[in-house]
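Sequences are here, hints too, so could you generate the full structure?
Spelled out from the first residue to the last, the chains are:
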Amino acid sequence: MFKYALQRTAYMILVLFIITLICFVLIRMLPLPALGPEDPHAQVIEMRREAMGYNEPYLVQFWIFLKNIFTKWDWGLSEKLYIGQDVWQIFLNKLPATMVVNLYSIIWTIPIGIALGVFAALKKNTWIDYTISTLTMVVISVPSFVYAFLVQYIFCFKLRWFPFVMKGGTDWFSWDMFVSMVPAILSLSFGVIAGFTRTTRAELTEVLTSEFMLLARTKGLTKAQATVRHALRNCFVVVVPGIFGEFIGILGGSLIIEGIFAIPGVGGLTLNAINGLDYNIFMLSTVFYTAIGLAAGLVVDISYGFIDPRIRVGSKK
Amino acid sequence: MKKTLALLLAVVMLLGVLAGCGPQGNTESTGGSESTNPPDGTQGTGEATEAPTTEATLGTIVGVAGEYTYRTSVSTMPANWNPHVYQTSDDAVPLDYITDSLYTLVFNDELHPAADASKAPYESYTIVPSMAADFPVDVTEAVKAEHPEFGIPENATSMRAWQVTLRDDLKWEDGTPIVAQDFVDSLERVLRPELLNYRAADNYTGSYVLVNAKEYSLQGKLDITDNGIELIPIEEMTKNEEGQYTTADGKLVYIGLTVGLDWCNGNSLQAYVEAYGDQYFGLEHWDELLAMADDQGLVPCTDDTLALLATVTTTVEAWGETEDDLLNYLVIANFRYEDNYSFDNVGLFATDDHTLTFVFKNPLDGFYLMIYGMSTSYLVKTDLYDSLLKETETAKGTVWSSTYNTSIETSPSYGPYKISQFQTDKSMHFVKNENWQGWNNDSYYYVDPEDGQTYQMYQTTDIDIQYIKESETRKQMFLAGQLLSYGMQSTDFDQYRNSSRYYASPAETIFFLIVNGNGAMLDERETHADFDATTTDVQMQQILAFRQALAISVPREEMAATVSPQRSGGYAMLGNTYIYDPDTVAYYRETDEAKQVLCDFYSIDVADYNGDLDAAVDAITGYDPETAAELFQQAYEEGLEKGYITDNDGDGKSDQTVTMIYAMSSEINDFLRKTINFLNESINKSAAGSGLEGKIEIVPSSPVGNNWPEELRAGTMDTELAGWSGSVVDPFHMADTWTNPDDAYWTWWNPSAIDMTLTIDGEEITMSVRDWALCLNSTDMTIGGKTYNFGYNMTSPENRLKILAAIEGQVLGAYVALPIMADGSGALLSHQVDYIVEDYVPMMGRGGIAYMKYNYDDSEWFDYVASQGGILNYA
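Chains A and B are the protein sequences, given in the same order. Be aware that the first sequence starts at 1, since it is given in this note's numbering, and climbs by one per residue. Be aware that the second sequence starts at 1001, since it is given in this note's numbering, and climbs by one per residue.
Because the hints were derived from the structure by calculation, they are not lab data. Treat the hints with care, since some could be wrong.
What the hints assert, rightly or not - Far from chain A, by Cβ distances over 12 Å, these chain B residues were calculated:
| hint | residue |
| --- | --- |
| 1 | E1146 |
| 2 | E1173 |
| 3 | N1240 |
| 4 | A1271 |
| 5 | E1284 |
| 6 | P1300 |
| 7 | Y1467 |
| 8 | E1470 |
| 9 | C1599 |
| 10 | D1649 |
| 11 | E1693 |
| 12 | Y1840 |
| 13 | G1869 |
To be verified - Cross-link-like lysine-lysine pairs, in silico, DSSO-like; alpha carbons within 30 Å at most:
| hint | chain 1 | residue 1 | chain 2 | residue 2 |
| --- | --- | --- | --- | --- |
| 14 | A | K80 | B | K1390 |
| 15 | B | K1390 | A | K67 |
| 16 | B | K1802 | B | K1653 |
To be verified - Part of the chain A face toward chain B, derived, beta carbon under 7 Å:
| hint | residue |
| --- | --- |
| 17 | N55 |
| 18 | K72 |
| 19 | L77 |
| 20 | L81 |
| 21 | G84 |
| 22 | Q85 |
| 23 | N93 |
| 24 | P96 |
| 25 | M99 |
| 26 | F157 |
| 27 | F164 |
| 28 | G168 |
| 29 | A216 |
| 30 | G259 |
| 31 | A262 |
Note that this is a predicted model, so its numbers are computed, not measured. Just so you know, even glycine gets a beta-carbon here, dropped at the ideal spot from N, CA and C.
Next up, the structure:
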């Protein structure tokens, strides 16, 4: 298992390197913003680009990029959005907001999603199951930003229960901050809850009809005991990897939600970097998302062995 | 363990439910903007005039105080407002609050009368000293004698050197005094060559050039001219001993690889090669060529390097260039700026703590001198600035950057407000800067036009800026009383257009409909038609009567109301906001010359209005379907005669539909769809009864990206609703734009070939329209051995006005572009505040935050909003 984890980690680093290289070259191949022929500032910009090494071959640029990261943890300077500021510092400043919103969302969505899935599975083919399943399909079909506008209109404007946008400041775990995040958390959560509900219901429904469940009941366990001790654990083989997957999904989904609720996070930063052609920020965001995705995949793979002892990943037998 | 986990999950779920049910109450989402009483414990009292909470500070002049927060939103949060490097107006927003200037503009009132005494209060503006203690003194003669390093010409006796005395109470927000040397040291930093500051060029380009600023900033660099503009053929160049090409006057010629070129739309050749690769370029020798480039991206132009360049640009057919085009990639080195140039030669120096002297390359006076020439926006707190400079090693050496003005700690204020809170991409809060000189400056008082009392400006105590990306969110927050204004979207106009709180603001841009009169290209398109020429025609557009008919076929106000309600009808090349003489605040469009141009263009006979020009202009609608139908019929007959169209079935109608291709930069959007539909409907309605009835159609092209201007210039596409805007106090520059082949969209109209005669100061002068435009913009023109220059300060504003009006008349009369819409915006203003004036005044707007008057303090405002049920009605 340990050897397998090491091997997968090495592969992960290799894949990260290759993706980073491809992204770097593709990003540097993008045309730089055009300069007006009569713009008096054009000469300075040209000189600055020259000094920044834009006129070197791509591989030389990539080598410098890697060297700066490994020797100085220097991801470069922002060239458009935050002119002259350290890209890594900007990114670090924005990471907490994204992480906290997503953390709250995950904490909220997992139990509700699983609970609804379990409930629907236990009430299979009843009106409760039909209602939950239908709502799940409806909710899953609508993008999260649609909920964002609805949540904002109903809860913030009409009912005035919450602020329109997230509170300023860095007191991430204060009550006021939490309340101001609720609209964003809700908007992110609907789709995720529906996803967990659907997965849990599907898996649990199948597991509940397994022969070992019949055995569990015949040896005297109640339905609840059999469900919790045997059925749920089996169905978690699929659900738990889903949690990691959803975490990545939520990070992606929050690109738009962050804009709507004015959350100063990395999602908005990435979008702005793309729109503003700020390549160093975009590069760091790309590496971040790639690394998170690869790490999540690794954790998922390894987690199988812990969730279900029958699975021995990397074992020769 | 399991029980613990279950309990934990239950708690989390309960927490969520509680959060969902918890009332938000009166809490604002912005820091420091909760409903509070003023800090001195008094209750807010509504009308500010009735509730002064501080004593008068200057005689009987009453100061007002309280807690009045200006809450606003931005869709792009400032990130770097370093005055030396910021590039966008979004980034410059904080500078409006934390900086000051030597002189500033205020509304004209009893305290500050306008230069033109006929102007009613608040109809105009006047210049007052701010950081300066008094108005500048012309010291040209003295500086010329004592400072030969500035190179003031012997024949220059005035308007080159100006001395300013600074107030003695200038301070940074921490109380550190600001002295004259700080301005000089700050200028040195913005110009410092190794820092490559974006704003350095502001001090040495255009009309406001500090002597030797460019020489200091660009020391050691080559000064180059783009041969794509000069167009000197390679055959006319000679070679020096090293084999490098030189111009006839001995200037060295280089190949510009990484410099922006006119031929490449401002991009460098390298940018094109890297973007398109071997799709368009031969890459075999590209790296070899690139390796030869110096630190300015220039390669000496020799036969060998030209041959290498040719392999790049001429070997791939798709790029479509031959060796004849190589000259467009060349640049001419005029000279090399002296290395190790001393800053002592730059035209700004301090003689003592309170005396600054500016030395300009060109003569400056009045408005331009004080508002633009003496801009000291480069002022920085030098000790802090230096501590924040950071070196970064790159592939090509060191790049300097700075975090100055990127956070609270790095943003020292010397303006009316200081930053008290900032969170990147989130929010920004300002409070009053108690150390600002303006609190003790007579310039910052005004007489209220309603009650006649005198007040100090800047009643606003706090400014809160929130980053709100979505307009719908901004609207909801405005209706909930959380923002003081809301910039209306097109969809809001039906509901709020008639609101008493709606304020329309005109903008400088006039959108005109470009029309294609490029006969040669239209003929060629018809000859090589990839369309069915029996049913489609493009040639008719070159008939003048057709374009004249188009000009009066569109009901402009109706069109603006339909497609873009915040805008209004456009009737001329220059809108109503342009000022031709900023010293007297004289509006171009209000002059007889400008009015006559409009009457001529729309065929309005002033005699029909008893010689009353104003009445004649008021009668212009730009819409005359009867005359349009006659002109369309005339065009139809001319088209038949010339064989552009046919009438084979003899029904008196064209067999072909005249098709105008609308150059689309991207996929069609709602605005353009409405625009094209409206134009098609109104044009065909005007053509009713003519041979072109129902036979004219504007068709959107496939998206052509940023190439749309080139398509129009080449005549391969026909039309586009486009516009330019320039400085509101420099309408003359627009004359250059209209007639400049590099800028104008109508290259088929050649203003250099059209002579125009004007009588200037009793002398009859004839030159081409293009030359008049150049001459109007400070270019010397020699005619019959006599040199003319009608640039700023070279002749009277009245003469310049006459020339400008004549050029506008020529452009309109060529029917190259038909004015359709005037740009503008509309916003709702909260009941919490009022503007000092209802009408928009160019350069002043409605007074901005300096003149904003509050009807409620923050406490009262929140009470008021609550009493209205939390949602305000502005309809």
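Beyond 12 Å from every chain A Cβ - status for D1649 (chain B): For D1649 (chain B), whose nearest Cβ neighbour in chain A is about 50 Å away, the distance exceeds 12 Å, so it holds.
Given the hinted pair K1802 (chain B) and K1653 (chain B), is their Cα-Cα distance within 30 Å? 44 Å, violated
Using 7 Å as the Cβ threshold, decide whether P96 (chain A) counts as touching chain B. 11 Å, violated
Would E1146 (chain B) pass as off the interface with chain A, using Cβ distances and a cut of 12 Å? 31 Å, holds
Is the shortest C-beta separation between K72 (chain A) and chain B less than 7 Å? 9 Å, violated
Restraint outcome when N55 (chain A) is required to lie within 7 Å of chain B by C-beta distance: Holds - the Cβ of N55 (chain A) comes within 7 Å of chain B, reaching about 5 Å at its closest.
Reported absence of Y1467 (chain B) from the contact zone with chain A (all CB gaps over 12 Å): 5 Å, violated
Is the interface hint satisfied for G168 (chain A)? The criterion is a beta-carbon contact with chain B at less than 7 Å. 4 Å, holds
Using Cβ atoms only, decide whether G259 (chain A) comes closer than 7 Å to chain B, and label the hint accordingly. Given a least distance of 4 Å, the restraint on G259 (chain A) holds.
Restraint outcome when F164 (chain A) is required to lie within 7 Å of chain B by C-beta distance: 5 Å, holds
Mind verifying the non-interface call on E1470 (chain B)? Its CB should be farther than 12 Å from each CB in chain A. 6 Å, violated
Is the interface hint satisfied for Q85 (chain A)? The criterion is a beta-carbon contact with chain B at less than 7 Å. Holds, about 6 Å.
In the structure shown, a violation is registered for the earlier hints numbered 4, 7, 8, 13, 16, 18, 24, 25 and 29, in ascending order.
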